[in-house]
Amino acid sequence: MIKITKEIVEEHGINSEEYDFILKSLRREPTITELGIFSAMWSEHCSYKSSKYWLSQLPTKNEFVIQGPGENAGVIDIGDGYAAVFKMESHNHPSFIEPYQGAATGVGGILRDVFTMGARPVALLNSIRFGETSHEKTKHLLTGVVSGIGGYGNCMGIPTVGGEVEFNSSYNDNILVNAMCVGIAKKNKIFYSKASGIGNSVVYVGSKTGRDGIHGATMASAEFDENSEEKRPTVQVGDPFSEKLLLEACMELMKMDVIVAIQDMGAAGLTSSAVEMAGKGNLGIELDLDKVPCREEKMSAYEIMLSESQERMLMILEPDKENIAKEIFEKWELDFSVIGKLTDTNRLIINHQKETKADIILDILEKGAPSYKRPYEINIFDDEDIKEDILINESPISILKKMISSPNLCSRKWVWEQYDHMVMTDTVLLPGGDSAIIRVHGTNKGLSVTSDSTPRYCASDPYEGGKQAVAEAWRNLISVGSLPIAITDCMNFGNPEKKEIMGQFAGVIKGMIEACNTLNFPVVSGNVSLYNETNGKGINPTPVIGGVGVVENLDIFSDQNLKRKDDFILIIGKTTGHLTQSIYANELLNYKNGLPPKVNLEEELKNGLALKELINKRFIDTSHDISDGGLLIALTEMSMKNLIGFNINIEKDNLNSYLFGEDQARYAVAVEKHKIEDVRLLLNKKNVFFEEIGQTCKNKIIINNKKINILELKEIYESWFNNYLSKAS
Amino acid sequence: MKASIIVFPGSNCDRDIAVSIKKLTDIEPIMVWHKETSIPDSDLIVIPGGFTFGDYLRCGSIAANSPIMNDVIKKATDGLPTLGICNGFQILTESGLLPGTLIKNDCLSFLCKTVSIKVENNETNFSKKYKQNEVINIPIAHNEGNFFANEDTLKKIKDSNQITFKYCNQNGEVNNETNPNGSIENIAGITNEQGNVLGMMPHPERATCEITKLTDGENLFKSISEFLL
Chain S
1 MIKITKEIVE EHGINSEEYD FILKSLRREP TITELGIFSA MWSEHCSYKS SKYWLSQLPT
61 KNEFVIQGPG ENAGVIDIGD GYAAVFKMES HNHPSFIEPY QGAATGVGGI LRDVFTMGAR
121 PVALLNSIRF GETSHEKTKH LLTGVVSGIG GYGNCMGIPT VGGEVEFNSS YNDNILVNAM
181 CVGIAKKNKI FYSKASGIGN SVVYVGSKTG RDGIHGATMA SAEFDENSEE KRPTVQVGDP
241 FSEKLLLEAC MELMKMDVIV AIQDMGAAGL TSSAVEMAGK GNLGIELDLD KVPCREEKMS
301 AYEIMLSESQ ERMLMILEPD KENIAKEIFE KWELDFSVIG KLTDTNRLII NHQKETKADI
361 ILDILEKGAP SYKRPYEINI FDDEDIKEDI LINESPISIL KKMISSPNLC SRKWVWEQYD
421 HMVMTDTVLL PGGDSAIIRV HGTNKGLSVT SDSTPRYCAS DPYEGGKQAV AEAWRNLISV
481 GSLPIAITDC MNFGNPEKKE IMGQFAGVIK GMIEACNTLN FPVVSGNVSL YNETNGKGIN
541 PTPVIGGVGV VENLDIFSDQ NLKRKDDFIL IIGKTTGHLT QSIYANELLN YKNGLPPKVN
601 LEEELKNGLA LKELINKRFI DTSHDISDGG LLIALTEMSM KNLIGFNINI EKDNLNSYLF
661 GEDQARYAVA VEKHKIEDVR LLLNKKNVFF EEIGQTCKNK IIINNKKINI LELKEIYESW
721 FNNYLSKAS
Chain P
1 MKASIIVFPG SNCDRDIAVS IKKLTDIEPI MVWHKETSIP DSDLIVIPGG FTFGDYLRCG
61 SIAANSPIMN DVIKKATDGL PTLGICNGFQ ILTESGLLPG TLIKNDCLSF LCKTVSIKVE
121 NNETNFSKKY KQNEVINIPI AHNEGNFFAN EDTLKKIKDS NQITFKYCNQ NGEVNNETNP
181 NGSIENIAGI TNEQGNVLGM MPHPERATCE ITKLTDGENL FKSISEFLL
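These protein sequence lines are chains S and P, in that order. Here my numbering is used: position 545 in the first sequence is 545, and no number is missing along the way. Here my numbering is used: position 170 in the second sequence is 170, and no number is missing along the way.
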């Protein structure tokens, strides 16, 4: 027997108060296996102990929501008997230690969360953030993460259709890798994780259990220091081939009426799936670890319970239906083993080698889990404006050239061409636009999907930043003409024990609540990643929002590419030229003070719904959300694909503020000549502010009579990644 | 008429190709599991794309040794039309039904994009509906699509007019700049000497739908259909 010392308790990330509670509840000292189970279940990653208080305030319902937070993934009704199932999750810490495997298993984990609910995954997205480009590790991490994401999704045959990439020094020693998966299921064939039926079998399927990833959940809940490299063995290794088999086997089994409940073994492996499934059903669970398929010898109960080996699932089956399932898993050459049964005791009992290694009342683990309302302080930057003398008197075209060839605004093609974004042949709108559109297979309906965040806004003003992240995701779905339905969130923050970090979290959540309510855009699933710090320095607060919308009729949608010459260019929404916290101010002028643009949610709603109506009525087929970089960047992005540019005349004193400011609730659209009257009429009727600033033309971009050839811009726009990576560090 | 689509563990374009066949021809696609030992009565064999056996060991090498492959080799050698796409092309070279081999892309990374390819031979049963030298746009998605053959093999391939498709640009120019993966002589697809077996890296099944604005793959399926009728 291992003696439980104070040091061992500390190593497990359990504080003295929590340990006292364990002693009191068990009325004895825990075994090492029990301590490991408490450590995993009460880690920030599994218990949400610092964030629960705030997360529970988020709106989670609207007329489309079938299942909100609390399951493996959220579920929404998309009509015609179908449901979309989706979630986003972080894999930040593992990806910093081992970028390829960390990112790959992040994708693997989120795929399982979706197909465990009976949905076939149809799209992957990701949101990845790295340190500044001059940082010594950035190239290595970027190439590793991108090939890891591709390696897993490509092999699975699920298209990766969207995402975002950002470089910022706040991620120098703590990159972010957030992966999102969207699946489609029959509405009446959703599978849940709540166990039921005393005496039913607990069945282990998938790959074998090894020593990889032990304590991953605990690691993901701690700060990094210079010894983090030593944590490499806690990073799991992915095998997308096994996951593909697991997917097909599960899909085959789910066609029959056999599964009572199912959950993937993700963070904290067998421990969390067993505890959560039995806990949700108010039952007990008894496991015999000698029956767990292991790939290494002499694994202890502690190791088996805490292993985070990938590509595994836990199912509850009625004993007389075991054989049906067994046959299917054997066909796919996967392990299948009955490892325990459900009981009525409300206890988790772990037997191994003829000994009981753990015996814990489930309520203690679940309902007894700590929940903290940590002290917080919401700080916002001072409201300073850019002084005249910093504003350089540079021509718009010269600024434009610098901006579109900069790491945060250049083309992401180098990234998404490494992802198979066309497999399944349902990708209607490819990566590179506001949202991707995926056809619901066999129908003429589509899902629009996007992922967004603007961390520099959140750092300056968490409340406005939280609103903005939700509003931008909503705008991206609107600008392809779809109806935004719901979101998943991935909340990446620093150490919540610091009140200013907790203040960032609280502020962002408050902003999100308001935006979700006004836009009828609830949160149906999500994930929290805290302690994203290295040596005491936190990342920019990064709430990543994954949005899903519905395109009712795939004959009618809009994309961002200018299509014809002589179209009218309209800017929907008011441009005041808000410069502070814009990319132009932060990255070109190196002016990082001041507040982000305010988000007027009523304005967002009004402008967005008007644009959606214009698209749905076929008055507009070309539209683009104006966000990072401002109006001129948006228009330039619209010109690249078809080499159709624009000729605009702007008579403003503060021309550069107008062109590069980042005011919210705006869209750039192109309107054919014969439709312009209808568009004006509708916008005026809805009381939507818009400006007509010019016309489209071939091959050139012309701003107040100054011209540049689009090909010249395209060359520098598309070459940044290759140039960066081909340079020796 | 029936097409046998061989499904290996890790195949992931099996559904896609079945959808295209059903949509564009009167051929009924049937899925054949790799552990079967004989192909059911069929007019066409298709080996779809994917990552059979996780691409472990070498792309296509494990699948090439699956039980079903004995019968695939026998029937293809006897002249049954056989089409291998992407990983299917790799399996066909690994099993010896097609010459040459497919190695890692010269950019050393996975590449997914729509490319232009030129129809070098429109006399095969797979390309009859295209014009000779027609330039078509078809997506690629592979990590190991860099076709290689030694000098003797390449000479034989050329002498017997086995090159069906070459990578090019919109204007049909075939050169290094229009070669996405380093394939020797920009080769994107070849047949066997008899012309009844075609392997190609680009995915024609991904270019059969108006809504994705890619339809140049349709004529490949129509060619097969016309030939079989």
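In case anyone wonders, no lab produced these hints; they're calculated from the structure. A virtual CB, placed ideally from N, CA and C, is assigned to each residue, including glycine. Treat the hints with care, as some may be off.
Below, a sample of chain P positions facing chain S; criterion: calculated Cβ distance under 10 Å [as the list claims (entries may be wrong)]:
1) Gly10
2) Ser11
3) Pro40
4) Gly50
5) Gly96
6) Asn143
7) Phe227
8) Leu229
>> When the structure is checked against the list of hints, which entries are broken? Sort them ascending.
In response: Hints 3, 5, 7 and 8 not satisfied by this model.
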